[in-house]
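K.L.:
Required output: the full structure, derived from the provided sequences and hints.
Protein sequences, first through last, are from chains A and B. Each residue of the first sequence is one higher than the one before, counting from 619 in the numbering used here. Each residue of the second sequence is one higher than the one before, counting from 26 in the numbering used here.
Examples of chain B residues lying across from chain A (beta carbon under 10 Å, computed): (1) Ala55; (2) Ser56; (3) Val70; (4) Thr73; (5) Val74; (6) Tyr75; (7) Pro76; (8) Arg80; (9) Lys82; (10) Ser96; (11) Arg100; (12) Lys101.
Treat the hints as calculated values from the structure; they're not laboratory data. Beta carbons: idealized from backbone N, C-alpha and C, even for Gly.
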Amino acid sequence: MKKTININLGGFVFQIDEDAYDRLNNYLEALKQKFTNLDEQNEIIQDIEYRFAELFGSGEEKNREVVSLQMVNKAIATMGEPEEIEEELDQNDKTFSSSQQTTYQSTSKKLFRDPDDKIFAGVMSGLSRYFGVKDAIWFRIAMVLLVFAGFGFPVIAYFILWFLVPEAQNASEKLQMNGDAINLDNIEEQVKKNLNSEEIRRTSVKIANKFSELVPIILKVIAVFLIILFGIKLIGISLGIIGGGLFTAAFNPDFIGLVFNSKALYYLSIFSFYLLLAIPIALALFLAVKLLTNSKIKWFGVLVTSFVLFIFSLVGLGFAGFDVASNFRQNAEQVNYVQLQNPTVDELEFVFPYEKLEEDINMSVNFNNNGTHFNINDEDSKINGFEIVSGQKQIKINQVELDIVLLPNDSIFKLSKIIGSKGRTIEEAENHLSKINNDFEIVNENMIAIPRMMLLEDESQWRVQRLKYKLYMPEGKRVHFGDNAKKLIDNVNFNGDYSRKNLANNTWEMTVSGLKCITCQEDKDI
Amino acid sequence: MKIENTKIQMRKGILEYCILLILDQKEAYASEIIAGLKEAKMIVVEGTVYPLLTRLKNAELLQYKWEESSSGPPRKYYQLTGEGQVFLLGLEETWKELKTAVETITINAKTK
Chain A
619 MKKTININLG GFVFQIDEDA YDRLNNYLEA LKQKFTNLDE QNEIIQDIEY
669 RFAELFGSGE EKNREVVSLQ MVNKAIATMG EPEEIEEELD QNDKTFSSSQ
719 QTTYQSTSKK LFRDPDDKIF AGVMSGLSRY FGVKDAIWFR IAMVLLVFAG
769 FGFPVIAYFI LWFLVPEAQN ASEKLQMNGD AINLDNIEEQ VKKNLNSEEI
819 RRTSVKIANK FSELVPIILK VIAVFLIILF GIKLIGISLG IIGGGLFTAA
869 FNPDFIGLVF NSKALYYLSI FSFYLLLAIP IALALFLAVK LLTNSKIKWF
919 GVLVTSFVLF IFSLVGLGFA GFDVASNFRQ NAEQVNYVQL QNPTVDELEF
969 VFPYEKLEED INMSVNFNNN GTHFNINDED SKINGFEIVS GQKQIKINQV
1019 ELDIVLLPND SIFKLSKIIG SKGRTIEEAE NHLSKINNDF EIVNENMIAI
1069 PRMMLLEDES QWRVQRLKYK LYMPEGKRVH FGDNAKKLID NVNFNGDYSR
1119 KNLANNTWEM TVSGLKCITC QEDKDI
Chain B
26 MKIENTKIQM RKGILEYCIL LILDQKEAYA SEIIAGLKEA KMIVVEGTVY
76 PLLTRLKNAE LLQYKWEESS SGPPRKYYQL TGEGQVFLLG LEETWKELKT
126 AVETITINAK TK
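P.N.:
Put into structure tokens, the structure is as follows:
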């Protein structure tokens, strides 16, 4: 009784005796060692396998059910032992090298994926073999921990390695994976080990590898790019959460989307941006994998694809950038005079009610049930207070100003309200104006309340909308400011050594050369 | 200098020439080429031919197309490329020169 094995030889399935299989496999392995050029090696071995298929399936053997050791020996005799083949060829030929050299030289380790010890693709087990760690579990645990710690990068690296690192297909590759010397004894041992596993052995057609063979190199390269792109996005988000601030802004679609005219353009520019970042990273990774493994990277394909993607991303960014710039081309402004209850009063009081932002932290993104809240809330920043509630088409923005100017040769207060916005066209800019909402309130004849925030209602685009109140004061009139005055009053002349910090909670009198503080003498001494 | 090496050197150049000659007549797949070579006693073992075919193909002297076979695996049918034909002409020239040279020397040696 003999054990038989199914093999695929040149696309035909043969049943082969175990001893015959060993002989054939050893023969092909030994033959492989004669050809050092990998491209040639694959093709030559394939041709020879096809020839074997012909020999086993023709002539007197045609009706034999099982390929026997005798048949294999006969076929090998026809084909010639590796040494005989070598002898008939030029020994100085670069294609072929003497058996001594190849058989014992390749003891250096190479990175392969281990098909016999795998959870997904055998990347971790391959790495642990490469680094000489007995059990792949340590690499797996490290991987899981890293992922849970919030690092997306190992996942990306995993996929890239999956793509680029070949699976150890045959005995000699498995030996290389473990760093064992490739000689007939070791191969024999390895082959026996393989036979113990129930897996059906294939001599030629590597089904496991079929997928990567079918995918042309260009698609592979693009896939790697996309994976890295996705990775940068992940890293961007995690950095944003850790680092906060501008990084978040750069990666927050709600925020960046405000300056774009259409979603498509927004995505185009973001995509191009990530792509631009991905290209050097991808090239570095290709290089790293190339150094680590023996995987044959088609550099021409990689470079051409990178170049095309590079041009694409530059064009994409340029196009989107130009479009964004043209969104700000035109400017519209509108001035209204505000009817005061009693412009003849001696003193006006301004208060600046301030509805606190959702989250009153410096520059933050919060994800909650209501969507993304994006705040820039830096005390010293001009754009102090900027809130977008995603999905609600509502922008709160702190671009409200109050200018105080001298009104010569007159005796009454005058107040004007100026709104402005940019736009692609004048009409568009004017349309943005109509959405600016800042309901100041004339509380009584002495008191005016100006909300610190202006609300852009039903608005999804930011076009430098701004709102400015201008108070004209005749000489000798007085004005009193409430809290937060310095945040709104930027453009003011002082008659004396004051700063904007003094503005709040003090009474001021207009003189020819500017505002003079009446109540803040004590403060000044400090 | 090993005498074996000389033989190998001589055979090898001629073996490539023979393969190209066979393919100059008609396109053929490996087994046909092998049969032709065996008949002429140019080769002892078949395995020699495959590396040479691959190398000639990589040198763009040969090209091949796949053809289905009713009795076995698909076959690579080899044929000469334009470059291969030019190369073959060059080899024929060299072969004639060599032949003449060897004959001349042999005759001269005998007559002296």
